[in-house]
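Residue numbers (numbering that gives the first Met the number 0), protein chains in the order written: chain Y, 0 to 376; chain H, 0 to 302.
Just to be clear, a hint being listed does not mean it is correct.
Claimed, not checked - Footprint (simulated), chain Y over chain H, 3 or more residues, beta carbon under 8 Å:
(1) 117 to 129
(2) 135 to 147
Said to hold, decoys possible - Over 10 Å on every C-beta distance to chain H, these chain Y residues come out as not near it, computed from the model:
(3) T37
(4) V196
(5) N215
(6) E351
I should point out that these hints are in silico values taken from the structure, not numbers from a laboratory. The beta carbon of each residue, even a glycine, is placed where N, CA and C say it ideally should be.
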Amino acid sequence: MHVDPRKMSWLGILFVVFVAGCGQQEPVIKIGVSGPFTGDQANVGLTVLRGAKLAVNQANLNGEVLPGYKLELVPIDDQHNPTQAVSAAKKFISDPQILGVVGHLNSSCTKPASQIYYNGRLAQITPASTNPDISKQGYDTFFRICATDDLQGPKAAQFAFNELAARKVFIIDDKTTYGKGITDEFKKAFAAMGGQVLGHQGITQGDKDFTPLLTNVRTLSPDLIFYGGLYPEASLIIKQAKDLNIKAPVMGGDGIYDVTLINLSTPQAAEGTYATMIGTDIRSLPQAQEFVKAYESEFGDIGSYSAYSYDAANILIQAIKMAQIPDREKVISVLRGGGTFPGILGQTKFDENGDTENEIVSVFRVRDGKWEHVRTV
Amino acid sequence: MELFFQQLINGLTIGTIYALIALGYTMVYGIIQLINFAHGEVFMVGAYIGLTVIMFLGFTAAANLPLALLYLALILLISMIVCGLLGILIDQIAYRPIRNSPRLVALISAIGVSFVLQNVVMLIYGPQDKGLPQIFPDIKFIFGEVTITLMQILIFAVSLVLMVLLHFLVQNTQIGRAMRATAQDHKMARLVGINVNGIISLTFFIGSSMAAVGGVLFGLYYHTINFHDGYLAGLKAFTAAVLGGIGNIPGAMVGGILIGLAEGFGAGYISSEWKNVFAFVILVVILLLKPTGLFGERISDRA
Numbered sequence: 000m001h002v003d004p005r006k007m008s009w010l011g012i013l014f015v016v017f018v019a020g021c022g023q024q025e026p027v028i029k030i031g032v033s034g035p036f037t038g039d040q041a042n043v044g045l046t047v048l049r050g051a052k053l054a055v056n057q058a059n060l061n062g063e064v065l066p067g068y069k070l071e072l073v074p075i076d077d078q079h080n081p082t083q084a085v086s087a088a089k090k091f092i093s094d095p096q097i098l099g100v101v102g103h104l105n106s107s108c109t110k111p112a113s114q115i116y117y118n119g120r121l122a123q124i125t126p127a128s129t130n131p132d133i134s135k136q137g138y139d140t141f142f143r144i145c146a147t148d149d150l151q152g153p154k155a156a157q158f159a160f161n162e163l164a165a166r167k168v169f170i171i172d173d174k175t176t177y178g179k180g181i182t183d184e185f186k187k188a189f190a191a192m193g194g195q196v197l198g199h200q201g202i203t204q205g206d207k208d209f210t211p212l213l214t215n216v217r218t219l220s221p222d223l224i225f226y227g228g229l230y231p232e233a234s235l236i237i238k239q240a241k242d243l244n245i246k247a248p249v250m251g252g253d254g255i256y257d258v259t260l261i262n263l264s265t266p267q268a269a270e271g272t273y274a275t276m277i278g279t280d281i282r283s284l285p286q287a288q289e290f291v292k293a294y295e296s297e298f299g300d301i302g303s304y305s306a307y308s309y310d311a312a313n314i315l316i317q318a319i320k321m322a323q324i325p326d327r328e329k330v331i332s333v334l335r336g337g338g339t340f341p342g343i344l345g346q347t348k349f350d351e352n353g354d355t356e357n358e359i360v361s362v363f364r365v366r367d368g369k370w371e372h373v374r375t376v
Numbered sequence: 000m001e002l003f004f005q006q007l008i009n010g011l012t013i014g015t016i017y018a019l020i021a022l023g024y025t026m027v028y029g030i031i032q033l034i035n036f037a038h039g040e041v042f043m044v045g046a047y048i049g050l051t052v053i054m055f056l057g058f059t060a061a062a063n064l065p066l067a068l069l070y071l072a073l074i075l076l077i078s079m080i081v082c083g084l085l086g087i088l089i090d091q092i093a094y095r096p097i098r099n100s101p102r103l104v105a106l107i108s109a110i111g112v113s114f115v116l117q118n119v120v121m122l123i124y125g126p127q128d129k130g131l132p133q134i135f136p137d138i139k140f141i142f143g144e145v146t147i148t149l150m151q152i153l154i155f156a157v158s159l160v161l162m163v164l165l166h167f168l169v170q171n172t173q174i175g176r177a178m179r180a181t182a183q184d185h186k187m188a189r190l191v192g193i194n195v196n197g198i199i200s201l202t203f204f205i206g207s208s209m210a211a212v213g214g215v216l217f218g219l220y221y222h223t224i225n226f227h228d229g230y231l232a233g234l235k236a237f238t239a240a241v242l243g244g245i246g247n248i249p250g251a252m253v254g255g256i257l258i259g260l261a262e263g264f265g266a267g268y269i270s271s272e273w274k275n276v277f278a279f280v281i282l283v284v285i286l287l288l289k290p291t292g293l294f295g296e297r298i299s300d301r302a
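If we strip away everything but chain Y, and leave its shape as in the complex, we get (with noise of 0.2 Å):
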């Protein structure tokens, strides 16, 4: 058979045409979510994203959320790099049918997002960034839904002082925007209580030895070792905390609160550890009963951040049948308009800086090889 390849592709272009023309007769509206997808923070990255799957995909099931509309999730990964975040904000505000963004996770990727997402006018509900500073920036379009690291160092000391009895504390930081946060806020409190801080030190990202300063703390003997940062370098300072014979135990805040951080520091090294994590114990809530079982059959273990990213992608759907039309203002004066917004973790409402008055702190303890709740403080 022969074809003339001038009419196939006249063909090409019109079916091109055709397919185009569909895309636009069905109305779509779009919820972003970004966060680190690969990567070193990809474990907790990707319990973000399949929250706020899960609340997308139950909302569509649910009927329309806006007459006429489909309700789409835009997945851009920000791989816990500040430069990725901002260009997935930049692709969100440059897509008009996108109404709000849940995101990020990492406070170092949140903050520079959060002025690209003021000045697109989109609203944002960060699931679990705890920096306080980022809410004190004066951006109306900024929302968060987790206790902030000025509420979870201040917990944290509390309970190291009052429950553990340390009165002397090394305390280590990642250098970033959440570790150097919630070290400072730590300090402050403990210090203030009668405490002693023995010494203050970061250590870099990525870095795999920390025998050099771990040796220098064994040499002042704390009662406990602080870290502000993640669970990749936490659960190397605590094997080789271990290794190098220090007692005391390492107490950290909701960036080590991961179950890779036994498997990686051994279940005998990590036995003793404690993670202030904001919020509580999920399967704890009664409320939360029916997300924990819709999670677990469909993406496994419901992981640290699931449950944060699956309220806020809800409050944002809430804030978008509310607003009633597909208009990006809109979302964010619903959203800043002092309503409550339910959700598994208990009733949301925003407060003039965009975070949540719903702030709850538990202490989690590494028990036979798990994280194990000790209570909400």
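Chain Y is already provided as a structure; the job is to place chain H on it using the hints.
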């Protein structure tokens, strides 16, 4: 004083691993004047091969020391062979076809190989940090305030044995003589009947298998590996090779240990925030005073 000895042990541990990687840089440079920037990635692959062997053979914490040593020997052997062959393959695919091109071409090719290896490992094993199970019994030797773990002793012992063997191979055997001849002049070596391409392949094999040993020991010591790990470790080992005088085998060993000690003492006595800076500061100072590196006279003659 206890503090000093503890920092000495800390620095020596990581230093011997740098030295093992540096050997590959220096051997390849010595023989074809190529800075094989993919070498750090071979080290990383070595660590992942170690992980794979442990998982595949289902090793868990060994009940006793001899059994654990048997495990280690097996892991090292497999990782060395796989990485050695990988080294040869890299040379065949990425360097041999452009052997007579300007040096920069091969350098860029090396950087390309490095990206490919990183991404292949990421695709196979995933982007997350991988934990290696502990295969050795948790043995620690405590002398007053100085603690040394069994793993650290093993790192010293294995590295020392390998370096002595390598030195013997290069200085006292027929193959070693052929390697040194090839390093001096390819054309002359060929004229006296040396299989130059074979010797180059062998050099890649030995250098890569040394990196594999470094990778396995690194993984077992720190318990966590990531596909990024080859970059910084490779960069520091390269620094060690340059510090010792690139092309010079004992120089690479000494350079590696010096870099490890600089890090250990620098981080311990000055500040851990600047840990990664000390290695490079030492490099700059030594290169300013002695541009050929510590043991690098022979290179300057030839270049």
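We went through each hint and held it up to the structure:
1. 117 to 129: holds (count 5)
2. 135 to 147: It holds, with 5 qualifying residues against the three required.
3. T37: violated, 5 Å
4. V196: holds, 16 Å
5. N215: violated, 6 Å
6. E351: holds, 37 Å
Violated hints, listed in ascending order, are 3, 5; each of the other numbered hints is respected by the structure.
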